[in-house]
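Number of protein chains: 6
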Amino acid sequence: MPVVVTDIKRADPDTAAALAEFGVATVHEAQGRTGLMHQRLRPIYKGAAISGTAVTCTLPPGDNWMIHVAAEQCQPGDILVAATIAEAHSGYFGDLLGTVLKTRGVQGLIIDAGCRDIADLEALGFPVWSRSVCAHGTVKEVLGDVNVPVSCGGTIVNPGDVIVADDDGVVVVPRGTEAAVKAASEARIAKEEKNRKRYEAGELGLDIYKMRERLAEKGLTYVSQAEWENGK
Amino acid sequence: MPVVVTDIKRADPDTAAALAEFGVATVHEAQGRTGLMHQRLRPIYKGAAISGTAVTCTLPPGDNWMIHVAAEQCQPGDILVAATIAEAHSGYFGDLLGTVLKTRGVQGLIIDAGCRDIADLEALGFPVWSRSVCAHGTVKEVLGDVNVPVSCGGTIVNPGDVIVADDDGVVVVPRGTEAAVKAASEARIAKEEKNRKRYEAGELGLDIYKMRERLAEKGLTYVSQAEWENGK
Amino acid sequence: MPVVVTDIKRADPDTAAALAEFGVATVHEAQGRTGLMHQRLRPIYKGAAISGTAVTCTLPPGDNWMIHVAAEQCQPGDILVAATIAEAHSGYFGDLLGTVLKTRGVQGLIIDAGCRDIADLEALGFPVWSRSVCAHGTVKEVLGDVNVPVSCGGTIVNPGDVIVADDDGVVVVPRGTEAAVKAASEARIAKEEKNRKRYEAGELGLDIYKMRERLAEKGLTYVSQAEWENGK
Amino acid sequence: MPVVVTDIKRADPDTAAALAEFGVATVHEAQGRTGLMHQRLRPIYKGAAISGTAVTCTLPPGDNWMIHVAAEQCQPGDILVAATIAEAHSGYFGDLLGTVLKTRGVQGLIIDAGCRDIADLEALGFPVWSRSVCAHGTVKEVLGDVNVPVSCGGTIVNPGDVIVADDDGVVVVPRGTEAAVKAASEARIAKEEKNRKRYEAGELGLDIYKMRERLAEKGLTYVSQAEWENGK
Amino acid sequence: MPVVVTDIKRADPDTAAALAEFGVATVHEAQGRTGLMHQRLRPIYKGAAISGTAVTCTLPPGDNWMIHVAAEQCQPGDILVAATIAEAHSGYFGDLLGTVLKTRGVQGLIIDAGCRDIADLEALGFPVWSRSVCAHGTVKEVLGDVNVPVSCGGTIVNPGDVIVADDDGVVVVPRGTEAAVKAASEARIAKEEKNRKRYEAGELGLDIYKMRERLAEKGLTYVSQAEWENGK
Amino acid sequence: MPVVVTDIKRADPDTAAALAEFGVATVHEAQGRTGLMHQRLRPIYKGAAISGTAVTCTLPPGDNWMIHVAAEQCQPGDILVAATIAEAHSGYFGDLLGTVLKTRGVQGLIIDAGCRDIADLEALGFPVWSRSVCAHGTVKEVLGDVNVPVSCGGTIVNPGDVIVADDDGVVVVPRGTEAAVKAASEARIAKEEKNRKRYEAGELGLDIYKMRERLAEKGLTYVSQAEWENGK
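Chains as they are written, first to last, in this note's numbering: chain A, 1 to 232; chain B, 1 to 232; chain C, 1 to 232; chain D, 1 to 232; chain E, 1 to 232; chain F, 1 to 232.
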């Protein structure tokens, strides 16, 4: 039975919104390297960096009807996550639907299928992470679900989870963990900044992370070119 | 027998040139969702939007000789469509051939293979939609055809058809239908503008297109999260 | 036995640095169409054009430890070439490692795997040619080699070879041939400039390269559309 | 926190086992065209057709440790579902692990990554549906989860769900729906058999399903070749 | 306007049927290396080798309605060619439709999309060349065309053309050329048999085709390993 | 300068021939998980398992001339390794060339491109590992090299190295290491057989390899389903 779940619980909106600044790579690391979507999901234009709470929907092949249904369930600060149930490249989404969602305050769209009108969407300032850019139109005949757990980009998204998306891709932060992930992201950034300064001063990871001993234990050997050519 | 057809009939040049402004997605819709090339054909730089009449050629694997032959058949306002007869990624086209075609007033190139010198081509202002960016050179040994019907990007192109290409991809408008497609594109744009205003005012597709009843008939059910968790 | 070769012989640094201005397509042609890496290796941002001497390393699946080891072997003017021993898309490289390499005067990275932090790397001005953009992190558990011959992007790279990389891709110039390749590149550019002028004046390749006779010998026939339709 | 859930609830084992006879295509249809894994998952040999209850695990890139952990959680009649958290092709599974699972009465393996020793696995009679065949070995360094919900082949699998796999691919039947899906599968088969007899007698779908009127309403026109050539 | 062309002209049926024995590679060569479909079209089982006259149809994304319409237009000895207008992997065809077509004497199906029920189709003896094996079902909502020229597998197929398909793939022979292609195939086979005997007797292509002189002219040099290592 | 190196040093022929029995996965492990070719190289038929010494050649795009040249350099027990310098899918090799090589006692072909006549090659008993099956023909116009180091399937092959190929893929054993790899393969097989017996007796890898303690140290936790649902 196709359903629309209407009153989903969302992650804390302020925390959700704050995760964008850390970026996908850091958030993904901060939560233990889980929740990253497949690299096939790419932004339609560079430079967008967003985060927000997920409204989810599933799309039958070549059918974008449920995006219209899902739009009504979206609130300001949300990100729409449109999963497919079969590999799909058609253009399920264009600038008119972008206008609908932007008007409702939606931050962006993650869609494991095709997107079209990408120049207009960039002009509108509505970012989309998609599998393809494709103008092929879709129909409105078959139902899917809205706000159920979905598999999108090879990872599970529950409605109300936090989505973070930038030029590096898309990551999902499960609802309820957003505060801990924010704290871990801040800690990671702080540590990285410290290391960055040491790197800029010319230090090496070999010394900062004390790798030399462990490399030697594992058997790494330093040889001259002459030794290598003879020993080969 | 390899042939060059020299006096092809072209679609009306003014109408052909006018289709660019509607864009690929609209033109594709306006003619009943036919003629779109596969999404693997991507522009080598963003922002180009062209339309014009097709000169066609076929390319044997790794051989770009027929592009030189086809160049002579091109007139101002044309777009060259280079089809391959086997999957190919070599760089069949670069800035020198771009200079040849631009000098003749050609609008751009559609090639179901690789392109190189993409920075130079962007500087030259000669747009290319290609399958790959690849510097590997080609030879001039085997003949193909010029101005015969070709299969390019998964669709048939007849010489003299109209090609429309932008950031969304490439679509083919059969010669003889260009006026009707232009009219249908104008009508579609007008309708979209009306709907865009309603969208910007906060209306939903569910109401504008009166979808609610049909969704209910098909069995779409709205439930609360609590209901969904129990009912599951 | 995993090894690090420490005192590799490098191609002449001035010649290595000079090849960038010719670009990948020209250098590839100038050395007889060899040494081009697969088109899957794409720059993470447009407009970078570099050349330099190769430091090489091999990466086990999901493990970027050897990049830290290789960093120490890099000198100003080098380009790091990171090969994988199995298909890999994880983000082996990000802005911190970019800082390390940039601080050492490295020109850029060629990696047959994923890269992350691409916005930060563009801001830093450290170009990367990679197979994917992917935020998935890597571990530091398994050894590889540094400065041995590697297979990267479908071609062999020996440490000390010259790498040239731009928007068209990546090409390898074997150490010892760099001066000859530079001379051949200059000759090619000079010849291309002469032909470009003729193209700009409206001449065709058919005439410049005297192709018409050979095309006729191979059997190319020019027919009118009417003839073609009847003869078909 | 990586966890192993030890006492999962399983779908009814007899019903789970019975679904194999209907096959993937029928079961997928019978449950409303949901739950099908991506077509990239292919059997390592033809002719295997199994069904059973899912034990799930997640695999870090290039690391098969959790298959050993999951093996202990498997019971006779189970099917192991090994999801990955990043695109992976290494050979996470071979004939030794096949021996472990077969000894425990496991029906087969679904793995969204690579498999090796495929000739030995066929000789052993242990079927695997995998993304690749690849001999590259894996390590045992990083933890994942066992018996949590996973995203495998683009669909969600909960531990205890029913898996059906044959030459057409893999489909997931949610625990609790298996009896209804079995009944619907039986009904579908019965209906198909009736239609098959009519097809074998030379009837057409156009008549059996009374399509002609609806096709005409949608505008399908029958024309002679002469009419089509003129009307074109 | 979607059309069904009802009285297409077919290639000579006896010649069409006779081409299967030569095989795809020989027929493709015999007609000058044209008309080969892309290698993504693979047989669902090994060993089938067919030829016959094409009935064509186009399939909208995820919609197999037109296969039912096309079935009525098929005669004994035909091969159905189902083209798509967008990349598609769903299972548009299964054993029931296979029964319909086999009952009408159709030789097989070429479909640039997915196929399901492949074990049943093999048992039925109805061969299919498809892009994917995928159980995902399709709908019957949108019209396409029957017996118009189509672009399938990257090549143009006109209704009534001859299709040849075997383990090497699929090739199209234009109607009207089938007798000449048959004669050329016979000549090619005869010549190959003669060369095969010489090969079996230990002769080399270098001598049979007198390649040595031309290789030397092009600059091929024979060196000893010692020379090569020094000269390198 | 294209060269043919005529008197390459080969690995010990008896040891080379003996490696086939261990299989690709074992040999790959025995030499430290190096030298495996990419999984895109698949056998054209199942069940072949060969090993032998490599004769190498490079193939320009769409040109198979050098296979004829390489054939003359092959001796009984060799395996021909044909690398490409650009992505290629044409059918560079068919049953006639298969006859040439089989007559010379060659064990099989590894080709990072397309192969045709696969039914005939299976009947002939000449196995090929290729990237594609494709009937598209090639030309004989451009030179490559024979018996130089090549990059094939993402790994370096030196002439005279040992190649092992079976249903799991292809692995390269560097000349000079074949005896050590054989010994390591034997040791690995012996150890695996011992473990297989324990597995068949119902023991788990967790106990055989004493993994439980290390898993706990890394933080793996066992929980009941109830605990997991609450703790979530």
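Simulated from the structure, these hints should not be mistaken for laboratory data. Incorrect hints may appear among the rest.
The list makes no distinction among identical chains, and a pair is therefore deemed to hold if it is satisfied within one copy or across any two copies.
What the hints assert, rightly or not - No more than 27 Å apart at the CA atoms, straight line, and that leaves these computed lysine-lysine pairs for DSS-like:
#: 1; residue 1: Lys210; residue 2: Lys197
#: 2; residue 1: Lys218; residue 2: Lys46
#: 3; residue 1: Lys140; residue 2: Lys102
#: 4; residue 1: Lys210; residue 2: Lys191
#: 5; residue 1: Lys191; residue 2: Lys102
#: 6; residue 1: Lys210; residue 2: Lys46
#: 7; residue 1: Lys46; residue 2: Lys102
#: 8; residue 1: Lys140; residue 2: Lys197
#: 9; residue 1: Lys102; residue 2: Lys9
How would you classify Lys140 and Lys102 at a CA-CA limit of 27 Å: within, between, both, or neither? Within. Shortest intra-copy distance 22 Å satisfies the 27 Å Cα cut-off; inter-copy 34 Å does not.
Between Lys140 and Lys197, at a C-alpha cutoff of 27 Å, which is it: within one copy, between copies, both, or neither? between (55 Å within a copy, 22 Å between copies)
Under a CA distance limit of 27 Å, which applies to Lys218 and Lys46: within one copy, between copies, both, or neither? Neither. Shortest intra-copy (41 Å) and inter-copy (39 Å) distances fail the 27 Å Cα cut-off.
Checking an output row: Lys210 and Lys46, CA cutoff 27 Å. Within, between, both or neither? neither (37 Å within a copy, 36 Å between copies)
Under a CA distance limit of 27 Å, which applies to Lys46 and Lys102: within one copy, between copies, both, or neither? The answer is both: 18 Å in one copy and 23 Å across copies each meet 27 Å.
Check Lys210 against Lys197 for me: Cα-Cα at most 27 Å, and say if that holds within a copy, between copies, both or neither. Cα proximity of Lys210 and Lys197: one copy only (17 Å, versus 42 Å across).
Indicate which option fits the pair Lys191, Lys102 if close means a Cα-Cα distance not exceeding 27 Å: within, between, both or neither. Answer is between: at 20 Å across copies they meet the 27 Å cutoff, but 36 Å inside does not.
Could you place Lys102 and Lys9 in one of the four classes (within, between, both, neither) given a Cα distance threshold of 27 Å? within (21 Å within a copy, 43 Å between copies)
Indicate which option fits the pair Lys210, Lys191 if close means a Cα-Cα distance not exceeding 27 Å: within, between, both or neither. within (16 Å within a copy, 35 Å between copies)
In terms of the numbered hints stated before, the structure departs from hints 2, 6, listed from lowest to highest.
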